[in-house]
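Novice: Chains A and B are the protein sequences, given in the same order. Residue numbers for the first sequence, in the working numbering: 177 to 396. Residue numbers for the second sequence, in the working numbering: 177 to 396.
One thing to keep in mind: the hints can contain errors.
Unchecked claim - Footprint (simulated), chain A over chain B, 3 or more residues, beta carbon under 8 Å: (1) 206-220; (2) 294-306; (3) 317-326; (4) 349-356; (5) 372-380.
What the hints assert, rightly or not - Residues of chain A placed beyond 10 Å of chain B at every Cβ, according to the derived structure: (6) Gly-220; (7) Gly-234; (8) His-275; (9) Glu-286; (10) Arg-298; (11) Ala-341; (12) Thr-344.
These are calculated hints, taken from the structure and not from any lab test. All C-beta atoms, glycine included, are put in the ideal place defined by N, C-alpha and C.
There are 2 protein chains.
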Amino acid sequence: MTQTAPLQPANQKPRRGRPRGAPDASEARQKLIRAGLEHLTEKGYSSVGIDEILKAAGVPKGSFYHHFHGKADFGLALVAAYDAYFTTQIDRAFLDEKHAPLDRLRIFTERAEAGMARHGFRRGCLVGNLGQEMGALPDEFRAALTAVLEGWQARTTRLLSLAQAQGTIVPHHDPSTLAETFWIGWEGAVLRAKLELRPDPLRRFADTFLRLIETETTDT
Amino acid sequence: MTQTAPLQPANQKPRRGRPRGAPDASEARQKLIRAGLEHLTEKGYSSVGIDEILKAAGVPKGSFYHHFHGKADFGLALVAAYDAYFTTQIDRAFLDEKHAPLDRLRIFTERAEAGMARHGFRRGCLVGNLGQEMGALPDEFRAALTAVLEGWQARTTRLLSLAQAQGTIVPHHDPSTLAETFWIGWEGAVLRAKLELRPDPLRRFADTFLRLIETETTDT
DNA sequence: GATTTATTAGACTGAATCGTCTATTAATTC
DNA sequence: GAATTAATAGACGATTCAGTCTAATAAATC
């Protein structure tokens, strides 16, 4: 087998003009993502204009369309960024071996509540927001949003399997089913908390769900 | 106390010109409400234009602004209409004494699923949709939407109290708490079903919730 | 039939929408 | 420094938005 051509096409041309900066390092792009997350978690996709984001980010329109193909492409980038951030939050709680499995889930919900409180419960979950807007969104969002939720659920399934192995949750329920139920309900709780501008729905759902799946503590 | 003036002001003037039709009987108004519900349950408030609704309803703009003060007023009318419709559906299931209390809840979820299936799972719950959009809605919607949910919950509380009195659900949980948890989660399930375009999330949540609150059937 | 009010009819307005377009500036190679 | 590509800059255009406005039609009283 003769090496007719280099296998790294990126290596063959010395690239003439100004080199492209690292895909994510661009300051303008980062500012846009940050401003986009702030606005879309609060108001959703349809009712937020690009100009609004440009103004908040202090970035001109030329830069926006240089870094993104359009609003939809930007939206998908926001979903990816949100997923990346949120997944690390989940892992930080779920993989913390200092606590028992169920305590980790509780801690996650408490931190999530604190996060919402930080913005007066006006910002919700980007995935929930866009999911609700699917009827008005380009269809590519559907698979993206579903995949994100499945990722969070997979992590939750592992946590609940551990809890079940340790006997702290009910044995007759599939951990994967419980994890799915948790995320279905949790998204509902975030929606409701945003509607009522208070933490009660988050606590209500977390408390009840956890109490229901816990094995009896024989607490008098 | 002398009766200085008639207590029914509607009775004192014979009213000259064309009489106002019954507030709800107006055909144009009904068509607008119907078209509005179809569009808003699918795409939400922000991304549906008034012209779009006019076209679907076959009603000119003059009629719209004759019957409603503006888009927000129209939206609130839709919430009221949706609540009226949905409440009768709930009562029809929850007050049916042919079935045991928990069976009535199950029947309700199954009918709701059938309702969503009828439109290919593209239409969600109007209250959930608008709740998610609160960040972009006039603030009057907040109280309206919250009140609607509380109404549905109150009915569910009565049902679960009955179930508890009959010993078919766990005794250590407040029916009101369980009802709230149900609606928090159910809204999440509807959102998820709309996102995935399939009934699975509805079934998943209903099944798991019901199994968790049921007292042991000692099933084998 | 004249008058009065309800309702329908849709052209029009000004602001906002997303996206395009032409420059200009920056960073690199030759 | 000339050439080349990346990135910034924002004016501009076509379309859509909610809402206004004038006029026409309908249904009643006098």
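Novice: Does the structure break any of the earlier hints, and which numbers would those be?
Specialist: Of the numbered hints given earlier, those the structure breaks are 6, 10, listed in rising order.
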